[in-house]
Amino acid sequence: MTEPELAPATPATVPELVARLTDGEWHRLHPATPLLKGGFALIVVLGWVVSNLRERLIGLFVPRFDDQGDPVDYIVQHGIILQALLIVTGLLLVLIAGFYVSWRMHTFRITSEVVEVRSGILFRTNRKARLDRIQGINIVRPFVSRLFGAARLEISQAGHDANVHLSYLNSAAADDLRREILRRASGTLAAERAAAAPVGSVLDRRVSELFAPELDPDAAPPESVVRINLGRLVGSIVLGTGTLFAILLIAGVITWVSITGRLIVLVFILPSLLGFGSYYVRRFTKSLRYTIAGTPDGIRIGFGLLSTSNETLPPGRIHSVEVSQPLLWRLAGWWQIRVNRASHTSSRGAANQANTTILPVGNLSEVARVLELMLPGVIGPQTSSFIENGTISRGEDGFTNSPRRAAALRPLSWRRNGFAVIPGLLVLRKGAIWRRLIIVPQPRLQSVGLQQGPILRLLRLASIHLHTVSGPITAELGAVDRDAALAFFTEVAEVAVRAGQSDTSHRWRSGELPA
Amino acid sequence: MDRLELPGVTWRGVSPKLVWVELVSGAVFLLVVLAIAVVTLLLGIWWVAVPLGVIAVISVINLALTGRRVRSIGYQLRDDDLLFRRGIMWQRFVAVPYGRMQLVDINRGPIARGLGLSELKFVTAAAAAGVTIPGLPENEAEELRDHLVSVAESRRAGL
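Chains as they are written, first to last, in our numbering: chain A, 3 to 517; chain B, 4 to 162.
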């Protein structure tokens, strides 16, 4: 817990505070944590209870109190002011002590391999997460905690609620700490250790950090590649799918009222109108000040006005990507991008949106820029035509489309319903009304499936399925020509094996070090 | 009709004894349907007879096709991946690289255990894959499991 002896010699690249936090020893969280975690609320509740129930509380201890007036008068008259104060102070002390002890017991440490958290007073928990399995690191700054200069660090791991929460940390240190964790996870440190002389003392580590390459690539934060201005944000929300339902609902209500002449239905409609209102407000505040930028350790997505959230997704953590267009957005040419990720959080914090939406709204050129960030190295000039064709085009343009006989099942979209295998990616496009483009990076493909039911068999068609981790996207394509589907299945089965074996993205920078 | 067939694949079938497992469980299901039918008819709820009748007809057809359905289940251990197929009306093929394995389950139901059969389930990070090979003789299932674990270890891939 003590400051290492070499602190003054810390290289400028790793701030002193972060270097201390990541020295592999146990550390405590931000001192304001107990207050931010609900201490405020409890104190307020206690105050409310005391002020409301003071008569009963006092009556409990002094039964003859009922026929008296103001309890304060009673206390003063009977000279028991000391006892009353003692009781209240005792309660407060117990609470504060509880929070203090839980803060004392909540410690974490970050080594070169794992991050480990111990917490709990009576029920102890200990969670240890491997750094090379990190799926993303999120820094959340709720409004209140920003006043204290504190931030919450969430390290996502694959699986349900398998995240490691460090709440709360010093806000200024959180960004540097994240960069340091990602640097360790990326494999550079492991490679250094193998190459360098025996490491163990703090001095050696500091020195190796000093000579490690490109340590501060994002010392100057990279520019966001997309800017969502207010008009577009409002427009995208107003033209969203929710509005379709709202219009349908209102139309239904108007018809109902004009036919029956009864206004009672309005009573039932009101709650749903409120629901729509809050939905719009939430969508709006979630997407305010949205930024997306590329860093050497993955893409960084931030949003939020009062409560901010800022997440870094290392390379190779995106299991499938969907570019889609709600019906009304076609008027403006807007698209949204969602992804499947291996980590799932059931709990959503203050500004924690469903963390699968990568781009809430953007035009095609912005979609292309974001895709380039998300799939670096595979989306280049030669593949960008696939993205453009995949989103808006149809017909013969590099995709293997459904045959004409598929029109029985896909009357509008059969010319568009197709797939393509391009280096590094598997691409499916579908939908003429709700247009969609699904991209699965080949190294992330878990398995491939081929199915055929009786109707598809009559038409000599089949459906293909690309299995990835679960999420909002299901990568499947129906009504594909039977022979094309068989060829696709055979090819993708081979591709999946090859891509899976040559993939090193769990240590995404391990290959780029000079030995 | 031209069913889906992959070229150059020699399928390994499962034990024909699986037919009995399927027949018994199908018969039990039919009995349950019949019991519900009797009870509801005694109570005078006539409309229930229609859905129950449909269910009964479908399961009888299913029972009649049990033999073919069991013969349709097949798998092949290729160099780097496991190929699996099943279904006659609804055909389904899956190819899973060994390196994607997260775990292997072996389950034994009461009837299958009586006949010495096991069910092997190959679990990956994708829930949709659903590679479950029923009707393997117990020793074969265990050999297959050990084989899968060892090849998965040598070809391990990340998520």
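Please keep in mind that the hints were generated in silico from the structure rather than gathered at the bench.
A couple of the hints might just be wrong.
To be verified - Here are the simulated distance ranges between beta carbons:
#, chain 1, residue 1, chain 2, residue 2, range
1, B, Pro-140, A, Gly-244, 53 to 61 Å
2, A, Pro-413, B, Ala-67, 31 to 39 Å
3, A, Arg-462, B, Val-27, 32 to 40 Å
4, A, Thr-476, B, Leu-37, 35 to 43 Å
5, B, Ala-59, A, His-162, 33 to 41 Å
6, B, Arg-15, A, Asp-485, 47 to 55 Å
7, A, Asp-163, B, Pro-140, 35 to 43 Å
8, B, Ala-130, A, Lys-130, 49 to 57 Å
9, B, Val-152, A, Val-236, 50 to 58 Å
Stated by the list, open to error - Residues of chain A placed beyond 12 Å of chain B at every Cβ, according to the derived structure:
#, residue
10, Tyr-282
11, Val-283
12, His-508
We put the beta carbon where it would ideally sit given N, CA and C, even for glycine.
The hints, checked one at a time:
1. Judged by the Cβ atoms, the range 53 to 61 Å given for Pro-140(B) and Gly-244(A) holds: they are separated by roughly 55 Å.
2. One distance hint, 31 to 39 Å for the beta-carbon pair Pro-413(A) and Ala-67(B), holds here, with the actual separation near 36 Å.
3. At about 37 Å, the beta-carbon gap between Arg-462(A) and Val-27(B) stays in the expected band of 32 to 40 Å.
4. A hinted range of 35 to 43 Å holds for the C-beta pair Thr-476(A) and Leu-37(B), which are about 38 Å apart.
5. One distance hint, 33 to 41 Å for the beta-carbon pair Ala-59(B) and His-162(A), holds here, with the actual separation near 39 Å.
6. Arg-15(B) and Asp-485(A) have their C-beta atoms about 25 Å apart, which leaves the hinted 47 to 55 Å range violated.
7. A hinted range of 35 to 43 Å holds for the C-beta pair Asp-163(A) and Pro-140(B), which are about 39 Å apart.
8. A beta carbon spacing of about 26 Å between Ala-130(B) and Lys-130(A) contradicts the range 49 to 57 Å that was offered as a hint.
9. A beta carbon spacing of about 55 Å between Val-152(B) and Val-236(A) agrees with the range 50 to 58 Å that was offered as a hint.
10. A cut-off of 12 Å between C-beta atoms confirms that Tyr-282(A) is not in contact with chain B; the least separation is 33 Å.
11. Distance to chain B confirms Val-283(A) as a non-interface residue, since its nearest Cβ pair spans about 34 Å, more than 12 Å.
12. With a least CB separation of 4 Å from chain B, His-508(A) falls inside the 12 Å interface cut-off, contrary to its annotation.
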